[in-house]
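Undergrad: Chains as they are written, first to last, in our numbering: chain A, 1 to 113; chain B, 114 to 489.
Don't read these hints as lab results, they were simulated from the structure. In this text, all values refer to a predicted model and were calculated from it rather than measured experimentally. Take these hints with a grain of salt, some might be off.
Unchecked claim - Beyond 10 Å from chain A on every Cβ pair, some chain B residues (computed):
id: 1; residue: Gln130
id: 2; residue: Tyr181
id: 3; residue: Val213
id: 4; residue: Ser420
As the list claims (entries may be wrong) - Here are the simulated DSS-like pairs of lysine-lysine, each with C-alpha atoms no more than 27 Å apart in a straight line:
id: 5; chain 1: B; residue 1: Lys183; chain 2: A; residue 2: Lys77
id: 6; chain 1: A; residue 1: Lys77; chain 2: B; residue 2: Lys164
id: 7; chain 1: B; residue 1: Lys270; chain 2: B; residue 2: Lys202
We put the CB at the ideal spot given by N, CA and C, even for glycine.
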Amino acid sequence: MALDVELFETMRLELRRGTLVLAVLACLRTEQYGYSLRQALAADGLEMEESTLYPLLRRLESQGLLDSEWREEERRKKRFYRLSVTGVAMLAALTEEWRGINASVDRILSQPG
Amino acid sequence: MDMIERYLNAVAAQLPQAEREDIVAELRDLILSRFEAREDELGRALNDEEKEVILREIGHPLVVAARYRKGPDALVGRELFPYWLFGVKAGLMVLGAVFVLGLVVRLIGGSGNFGQDIAQSFHGFFGAGLTLIGAATLGAALMEHYGVRPRWLTEWKVRDLGVFGLADTAQWSSAVGAGSAKAAAAVKAQSGALRPRREGRWPGSEAVGSLIVNGLFALWWIGALHFPGFGHISMRGDDVAISGAPIWTTLHAAILVYALAHVAVDLVSLAQPYAVRLRAACMVPLHAAGLWLTWTIFQAGHWFDLSVNGQTTRVEGGQALLNVDALKALDRLDGASDLTLLASNLSVVMTWVLAVAAFGLVCALLHNLWRAAAGR
Numbered sequence: 001m002a003l004d005v006e007l008f009e010t011m012r013l014e015l016r017r018g019t020l021v022l023a024v025l026a027c028l029r030t031e032q033y034g035y036s037l038r039q040a041l042a043a044d045g046l047e048m049e050e051s052t053l054y055p056l057l058r059r060l061e062s063q064g065l066l067d068s069e070w071r072e073e074e075r076r077k078k079r080f081y082r083l084s085v086t087g088v089a090m091l092a093a094l095t096e097e098w099r100g101i102n103a104s105v106d107r108i109l110s111q112p113g
Numbered sequence: 114m115d116m117i118e119r120y121l122n123a124v125a126a127q128l129p130q131a132e133r134e135d136i137v138a139e140l141r142d143l144i145l146s147r148f149e150a151r152e153d154e155l156g157r158a159l160n161d162e163e164k165e166v167i168l169r170e171i172g173h174p175l176v177v178a179a180r181y182r183k184g185p186d187a188l189v190g191r192e193l194f195p196y197w198l199f200g201v202k203a204g205l206m207v208l209g210a211v212f213v214l215g216l217v218v219r220l221i222g223g224s225g226n227f228g229q230d231i232a233q234s235f236h237g238f239f240g241a242g243l244t245l246i247g248a249a250t251l252g253a254a255l256m257e258h259y260g261v262r263p264r265w266l267t268e269w270k271v272r273d274l275g276v277f278g279l280a281d282t283a284q285w286s287s288a289v290g291a292g293s294a295k296a297a298a299a300v301k302a303q304s305g306a307l308r309p310r311r312e313g314r315w316p317g318s319e320a321v322g323s324l325i326v327n328g329l330f331a332l333w334w335i336g337a338l339h340f341p342g343f344g345h346i347s348m349r350g351d352d353v354a355i356s357g358a359p360i361w362t363t364l365h366a367a368i369l370v371y372a373l374a375h376v377a378v379d380l381v382s383l384a385q386p387y388a389v390r391l392r393a394a395c396m397v398p399l400h401a402a403g404l405w406l407t408w409t410i411f412q413a414g415h416w417f418d419l420s421v422n423g424q425t426t427r428v429e430g431g432q433a434l435l436n437v438d439a440l441k442a443l444d445r446l447d448g449a450s451d452l453t454l455l456a457s458n459l460s461v462v463m464t465w466v467l468a469v470a471a472f473g474l475v476c477a478l479l480h481n482l483w484r485a486a487a488g489r
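In isolation and in its complexed conformation, chain A is listed as follows (with noise of 0.2 Å):
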């Protein structure tokens, strides 16, 4: 039977929704500014829209997950994020959160159908 594209698309948008934040949570571990961090993302293989991600970072800022500060370079003036110290212990319960589903999910699609 054919796949209905349309509803893989909804479906698969889905499932990404909520990794993206560990993974840019993951990624903020070393510091980053928006361009260079969305460059990691996609380098790893995770594109992310720009006007997902820039919103995306200045809400986990205000939930103390991040600190930012404007730093000078290239010639222009960016502003710089990382992990805070609650972001680092978020980072880390999520991460157990992820492999707790990521196992469980691996258990029951490897069971025999």
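Could you slot chain B onto chain A? The hints should help.
TA: Frame of chain A; chain B shown alone:
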């Protein structure tokens, strides 16, 4: 103005003042970084078309700015939507019933213009329906904006779920005793499967009847509904016009508030059909207000004016007419031969109607006091 600045101005206009500068500076860096990366790929400067492609990839200014908005990004969010949908569906059904009843009353009254009556009813229904949907959406949007989550959203009780049958037309038919055999069977099967049997009628049926009556009255009172023939009496072939005395103008707002309060209590009763004590507690002050209104109208003494062929007579009364002799002296209204006699008869009728209404309100008040205390 430079293309980037024009784009950023459009975004900035949608952003809150406090964060505008910061967000715009970051977006400017993003855009310039994207331009530079593309220029590196091509080995030359970008033309306006190529720049525009990148800006379009970043997103429309309204969409980009909206992503930075704090708070809900929908008027009715996923959590509230089922309640909003039910409220709108149930409200539209109640409105439909009210307008159908109004239409039936008009047609029975013999307005003589069948097509116009139907058109007016449709027009009224769509207007009221759109207002209802707008009000429900506004309410939900305010709840989303302020993060209001009433207790009934989370602490609901199984015994109060009967109201959700309002969205089921089969249950409606059953409630008014006019359901088809199929509908009744469906409700019976549902009731048996989902909740224990209760003896006697469904307590919400009292509120349904009251809601329709009070809703119709409120619509008529504000002039949204007209009953053909109302306001005129025939006297030996002459058309006697009835006009209200000043007391009705004085009490217009109070009576409207009284009717709307009744509607509100009926709606609460429908939402909580088994909360008998709550309904009774709400009805006690309403009956007290009704008694005050009745007493004020009675005290005014002058209630209507009758006019025919340039002659006007007052319908007025008071305690002096509250005796059996006054009742015995009543002539048949349709046989009244002159305006004075007609007014005299109506004065007695109105005096006794007000007295009986007051007596009924006292009884209802006492009954509800007992229900509030006993919870039955």
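Undergrad: To test your reading of the hints: which numbers does this structure violate?
TA: 2
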